[in-house]
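Enquirer: Sequence lines, in order, name chains A and B.
As numbered in the working numbering, the first sequence has no gaps in its residue numbers, which increase by one up to the final residue, 588.
As numbered in the working numbering, the second sequence has no gaps in its residue numbers, which increase by one up to the final residue, 786.
None of these hints come from the bench; they were simulated from the model.
Please note that the accuracy of each hint is not assured.
Sample of chain A residues lacking proximity to chain B, with all beta carbon distances greater than 12 Å (derived) [said to hold, decoys possible]: (1) R107; (2) R127; (3) G473.
Taking lysine to aspartate or glutamate and the EDC-like style, the derived pairs with C-alpha atoms no more than 20 Å apart in a straight line are [claimed, not checked]: (4) K764(B) with E112(A); (5) K758(B) with E723(B); (6) K764(B) with E109(A); (7) K745(B) with E76(A); (8) K745(B) with E502(A); (9) K758(B) with E112(A).
Note that the structure is a prediction, hence the values are computed from the model and not measured.
Ideal Cβ placement from N, Cα and C applies to all residues, glycine included.
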Amino acid sequence: MANQKRPVRSRASKLAKTPTGIRGLDELTGGGFPCGRTTLVVGSPGTGKTLMGIEFAVRGAVEQGEPGVIMAFEETGEELAANVRSLGFDLEKLVVEKRLFVDHVRVERHEIEETGEYDLEGLFIRLNHAVESVGAKRVVLDTIESLFAGLPNPGILRAELRRLFRWLKDKGLTSLITAEAGDRHLTREGLEEYVSDCVILLDHRLVEQVSTRRLRVLKYRGSSHGTNEYPFLITDTGISVLPVTSMAYAPRPASTERIATGIPRLDAMLSGRGYYRGSMILISGTAGTGKTSVAAKFIEASCARGERCVFLAFEEPPTQVIRDMGSIGIDLEKWIRKGNLKFTAPRPVLYGLELHLLSIQKEVEEFKPSVVVLDPITNFTTIGVDKDIRLMYMRLVSFLKNKGITGLFTALTPGGTNLEYTTVGISSLADTWIFLRDIELGGERNRGIYILKSRGMAHSNQIREFLLTDKGIDLLDVYLGPSGVLTGSARAAREEEEKTEIRRQEQEVRRMQASLERKRVEAEAQIARLRAELENGEAELREKLAYAKNGLRAQAEERQAMAASRQADGPAKARPGDGRRPSRGRE
Amino acid sequence: MPIKKRNPKTWELRLYVAGQTPKSLFAFANLKRICEDHLTGRYRIEVIDLLESPHLAKGDQIFAIPTLVRKLPPPLKKIIGDLSNTERVLVGLDIRPAR
Chain A
2 MANQKRPVRS RASKLAKTPT GIRGLDELTG GGFPCGRTTL VVGSPGTGKT
52 LMGIEFAVRG AVEQGEPGVI MAFEETGEEL AANVRSLGFD LEKLVVEKRL
102 FVDHVRVERH EIEETGEYDL EGLFIRLNHA VESVGAKRVV LDTIESLFAG
152 LPNPGILRAE LRRLFRWLKD KGLTSLITAE AGDRHLTREG LEEYVSDCVI
202 LLDHRLVEQV STRRLRVLKY RGSSHGTNEY PFLITDTGIS VLPVTSMAYA
252 PRPASTERIA TGIPRLDAML SGRGYYRGSM ILISGTAGTG KTSVAAKFIE
302 ASCARGERCV FLAFEEPPTQ VIRDMGSIGI DLEKWIRKGN LKFTAPRPVL
352 YGLELHLLSI QKEVEEFKPS VVVLDPITNF TTIGVDKDIR LMYMRLVSFL
402 KNKGITGLFT ALTPGGTNLE YTTVGISSLA DTWIFLRDIE LGGERNRGIY
452 ILKSRGMAHS NQIREFLLTD KGIDLLDVYL GPSGVLTGSA RAAREEEEKT
502 EIRRQEQEVR RMQASLERKR VEAEAQIARL RAELENGEAE LREKLAYAKN
552 GLRAQAEERQ AMAASRQADG PAKARPGDGR RPSRGRE
Chain B
688 MPIKKRNPKT WELRLYVAGQ TPKSLFAFAN LKRICEDHLT GRYRIEVIDL
738 LESPHLAKGD QIFAIPTLVR KLPPPLKKII GDLSNTERVL VGLDIRPAR
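Just chain A, same shape as in the assembly:
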């Protein structure tokens, strides 16, 4: 941020710049107004031209040590002093201290008669006198166009104004000239013809019933500058411009540090180590899915690490958040007492988007937290159009990232629409996007959590069941079956079923093992029996065989003995002529 302190020759090669001290404007113009030249501030009535002029002069005198002259054509010194007193500017004191010279030039048409030639030397003399009496470096002319209403001869006036602007330049005075916005020209009297170094447009309009002030650098000769319209605020400390491009001026290395989410299983899902420090975390989900609880857990974990957190509750009053988080075992009050946690509950409808952004910035700059929680960001849709809200988030995110602050936003997703639609397209700004959703099944609703994206880490792709108990948050594996994801009592029932089934199968195994054993025993018994039978049979048969053999032998011996006794001539032969071989050859 070093170049914010000494912006004089930052990007604009040799053009010296005078810091305005107006928050955001110096950033936008790359250092301030062109030094020693004239800047024209154009706007309709009530857009803050005079205030910008006064702030330019006062901040120059107080912060830069550059005395200034305010030449007011419409309001008296007293009126000016009274107008800006509420903004903490003490003009009278600065005048007494000779750091500021306030001169009111009153031009009353009805008091003035014109005869013959004249010039505005009197004005030059007054201005010169004022510049010399305080040694002014800055001059504010508000609104010099009033001269056109007071003086009848515009020809002379134009010539003299040209001379005046030349004179201011020659004197090396850094000047701010205010002018009314005109219809045909940029300014009512075409002052832009004479002042061409730097032109700033102020605008004040109503967008959806919310007033928004905008500023645009129309022209800045010799310097690059932001060209968009930037919202600005008139706050109790003056003008504050909010350039969305502020990130470009202070790039910050992305942190590799990881911080716990406060929910161990969620850490595990985020590759085991939680969020990146300085990243933007979006927790979106339908109503009642526990977004605030996830945020509160993160706050609790951060406070426990000794960090400071800001909780911006846009929906519920802090006491209610504290009570509700107490019911799930998160004691936020303890951290408030210890000074680690600051609760603010700005009502979204109370101010416009810009003021909200500014109040967040102020909060952050005062409390210096390392974690900022916005719960929920979707409430801004009540006060702005999507485009503006998106712009606001972009500015907020770049602001937080510049500061290295971890931001956690919750977003309500309207039921019935595409659940992963975030109302204002903030999802692209989020580094880690966690989604909480209802899973409706078997007559009950249960919460599911999953990570839609998480830049720069290998995150889980699993849906977990998200349980809120009086002890805190727990994540459970969901049952994935053929019919899809089961949660709640369906999951419990399914788990019970699984257990029973396993028990049944174990019993079956045991039963089968027993039966196998039994079969083996039976078979063996059978084998033994058969063997015994075999043995028995064998013995019997052998006996029979031996007996039979003995019988045969005895018979043969008997026959021999008988033959011997009958003197037989030998054993009988086959009968002659029956089947003789020579007869077979004749057939």
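Given the structure of chain A, go ahead and fit chain B onto it with the hints provided.
Expert: Quick look at chain B alone, frame taken from chain A:
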């Protein structure tokens, strides 16, 4: 806004100039002539050179040069320019009512 009282005691006139420029000398000469013609013996002219005393410009709200201010009789009147148009000077000073 013509004013009827034609004869107040003394007319107090103040002419603001910035240095001895031809324009301021011309204006002074014109003023002198008109006063001699119409306010003989009843006028006083004070010439203020803002180059010498610039702080005096603020009091009478001077921004154009030359400027003639009618301090008396009231109300305060201002005429800017070199006073070359006598008719308008007379009207502007309420010496002669506007037609």
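Enquirer: Hint by hint, work out which the structure violates, then give me just those numbers in ascending order.
Expert: Failing hints, ascending: 1, 2, 8.
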